[in-house]
Amino acid sequence: MKTRTQGDTLIISDFTELNTTNAMWLQDLVRQSLVHTHKIVELDLSTVRFLDSNGISALISIHKTMCKRGGKIRLFGPTPAVSQILQLLSLNEVFEIINP
Amino acid sequence: MTNVVTPHTNQVGTQFLSLVFACDLRESREVSRCVRQFLAAVPLPEDDVHAWELMVTEAANNAAEYVTEAKRQLSNRLEVFCRDREIEVRLTDHTPGFDMPVPAELPSVDSEKGRGLFLIQSLADEVEYLRGRTENCMVIRKKRPVPAAGASGGTTAVVDLQSRFIADEQTLQAMTEELASCYESLSAIFRFSSALNRPQPTEEFAATWMRELLAIVEADWYVLRLADPGGKELRLSTTSLPGNLDYSLSLSPDASSAGCVELRAAQSRQDVWFDAGTPLSLGDPLSHVVRQSNGLAHPIFADESLVGVLTVGRLTTEAPFKAGQVNVIQTFADFLGIQISNARFRAEHLQIQLTARELEIASNLQRSLLPEKLPQMPGLGVAGYYRSARQVGGDFYDAIAADGQGLLLVIADVMGKGVPAAMFATIFRSHLHARLDLVKRPGEFLTWLNRSLFSDLDRMEMFITAQLVYLDPAARRFQVAGAGHCPLLMTSVGGSPVEVGNTGFPLGIMPDTRYSEEIRDLPPDARLFLFTDGVTDMRNSSDEMLGTDGLKQNLQLIINRRGNAAQAVQDMAIMLQTFQGKEPVTDDQAFLVLANG
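Read top to bottom, the protein sequences are chains A and B. Okay, so the first sequence: first residue is 1 according to my numbering, each after it adds one. Okay, so the second sequence: first residue is 1 according to my numbering, each after it adds one.
Think of the hints as simulated: they come from the structure by calculation, not from any bench. Keep in mind that a hint or two might mislead.
Computed far set for chain A versus chain B, every beta-carbon distance over 12 angstroms [claimed, not checked]:
#1 D14
#2 T21
#3 N22
#4 D28
#5 Q32
#6 L34
#7 K64
#8 I97
#9 N99
Straight-line C-alpha distance at most 30 angstroms; calculated BS3-like pairs for lysine-lysine [what the hints assert, rightly or not]:
#10 K68(A) x K39(A)
#11 K113(B) x K72(A)
#12 K2(A) x K39(A)
#13 K64(A) x K113(B)
#14 K39(A) x K113(B)
#15 K373(B) x K68(A)
Glycine residues also receive a C-beta, built at the ideal position from the N, C-alpha and C atoms.
Generate coordinates for the entire structure from the input sequences, incorporating the hints supplied.
In structure tokens form, the structure reads like this:
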């Protein structure tokens, strides 16, 4: 996973899965990388081909963290497999999703 | 992963994969990757491969997440059966298990947990969770997509795989046994289902199917106890065990169930297990017959009511039932519960039909006792009314012309209702018509009737109240004799009704009772009203009784209309029904009216 900041957005990219093995790690990464100027956490899901319920838990946890800070989470370019899961769990309207 | 059985294909074309893996979250993902690889090679479309990858991940995560520390060292097992039309995955875990909600609910948006089961149910066609004593098994099934025309068929794929995979004899054997076991279970359940529709004695039926069950689940013994219809105790229905098990177990809430697995299962409404860790207690009567044993007591319910308890076991504390076997036991028991419940319902329904038929016959008989047409004398008319509380009752009236001159009026009430009352009304009538020579002496007639009927009435602990009135129209005089019956009412226009008739013991109380007569003149405008106590005892919607005074008041109103006997009966019937409203008739009602006309 890589992080970079663009304006008020913390962008996390370069990962192919979000599951039990790295969900906690992602949450730690966000916690450590966030500074007070960050209003948005954007996860680049364009390379993610596998998302399980523990990955979803991490997304919701970050979403809640950002809401408390008056910010939000944004999902960028989810693959069809990930989109299907978000839709199945009725989360496609909870998160801001950018489909380039 | 500790063990991966090389994927292979068996004789019936089922491709099979078996994985044994440590109970660890990190292993879950490895297992689902392995399944992905296997299914992609089948081949299966990417969407389906992805769905299975996710379902297996979620199931394996649950198995690792909810296991207790004591069981964490036990390995989990995953099997994939790739058949022509569907794919089935079985994951055997060692968690305490859970009751699977169907369907699983989607948690609230803020909740960070609880989506795994929802995902599995959403992506699969069928999900079952079989709970066992030492292990549970989640079974997930999903249909395979139909291959597009021209695409390479399953057979080709199988041939390809056969050439690619080396058959593992041991696993092939295990799979054949698995299939054979499935086939046995399924065929037994099919036969069981078809037998459900056959009327068979319940015990014989149960014993036959319990023997089948023992063979299928490799059990050594069973005990089937059924709750009595009142639900007060469990009684032995059938068992494979020798020894004295023919005792009853009280289902009273006060009864202690601590020592007995069968009672504990009935009272807790849950399966109760016993094995080396939790052996049958010494206080449990079963422990005297099967000391070293493992198994379960399964309560059987139908429509929430306890039907019985089925206890099945093996004569060893090792080798507990597998989750699939437990499922077969539970399924058989539940089928049996439905069968027993239906059989009881059919028996009760049949009994109700028989009783209704008996009552109908008795009712016809009893109605035939009432005179179709009452004799009419010059200047005098007689009319009667009868209403039964049930389909058949014990009230009776008659009017018999004597020698072309006089008239005998009879009213009687046999104690009780239903068939016995109607039978005695019949006997009473036969006796009455046997001695018409006594009509002019009603007291003597009652004395004779009492003597003749006494032994039968006494044996049945029944009695009859009766009143006989002999009327001599020419002399305008009547003689009345009563046996425990309410006095008749004599009315005249403008005056209040007068009670007439002495009352002795009812018929059937004392063998040698002598009944006396009272002789009265019959004034020109007088009417006689003979009735049974069902008339005065009737109640309205406010639970007020009509009573003798109420009857007298209404009777006076009716008599003042100066109608004939038939009109008086009609008016009285309307009055009674108006008073009663929609309240049910609790006692037979009968009355006779003698009036000018």
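Structure-based check of each hint:
1. Separation of D14(A) from chain B is adequate, the least Cβ-Cβ distance of about 19 angstroms exceeding the 12 angstroms criterion.
2. For T21(A), the condition that its CB be more than 12 angstroms from all CB atoms of chain B is violated, with the nearest at approximately 6 angstroms.
3. At roughly 10 angstroms, the least C-beta separation between N22(A) and chain B is not larger than 12 angstroms, which violates its mark as non-interface.
4. Non-interface call for D28(A) relative to chain B: holds, since the shortest CB-CB distance, roughly 15 angstroms, exceeds 12 angstroms.
5. At roughly 19 angstroms from the closest C-beta of chain B, the C-beta of Q32(A) stays outside 12 angstroms, upholding its exclusion from the interface.
6. With a minimum CB-CB distance of about 18 angstroms to chain B, L34(A) clears the 12 angstroms threshold, and the non-interface call stands.
7. The Cβ of K64(A) sits about 7 angstroms from the closest Cβ of chain B, inside the 12 angstroms cut-off, so the non-interface label is violated.
8. Every CB of chain B lies more than 12 angstroms from the CB of I97(A), the least distance being 15 angstroms, so the non-interface label holds.
9. Chain B leaves N99(A) outside its interface by the beta-carbon criterion, the shortest separation being 19 angstroms against a cut-off of 12 angstroms.
10. The hinted pair formed by K68(A) and K39(A) meets the criterion: a straight-line CA distance of about 11 angstroms does not exceed 30 angstroms.
11. The hinted pair formed by K113(B) and K72(A) meets the criterion: a straight-line CA distance of about 20 angstroms does not exceed 30 angstroms.
12. The straight-line distance between the Cα atoms of K2(A) and K39(A) is roughly 18 angstroms, inside the 30 angstroms bound, and the hint therefore holds.
13. Pair hint K64(A) plus K113(B) holds up; C-alpha atoms about 14 angstroms apart against a cutoff of 30 angstroms.
14. Restraint check for K39(A) and K113(B): the C-alpha separation of about 25 angstroms stays at or below 30 angstroms, so the hint holds.
15. Restraint check for K373(B) and K68(A): the C-alpha separation of about 96 angstroms exceeds 30 angstroms, so the hint is violated.
Hint compliance for this structure: hints 2, 3, 7 and 15 are broken, all remaining hints hold.
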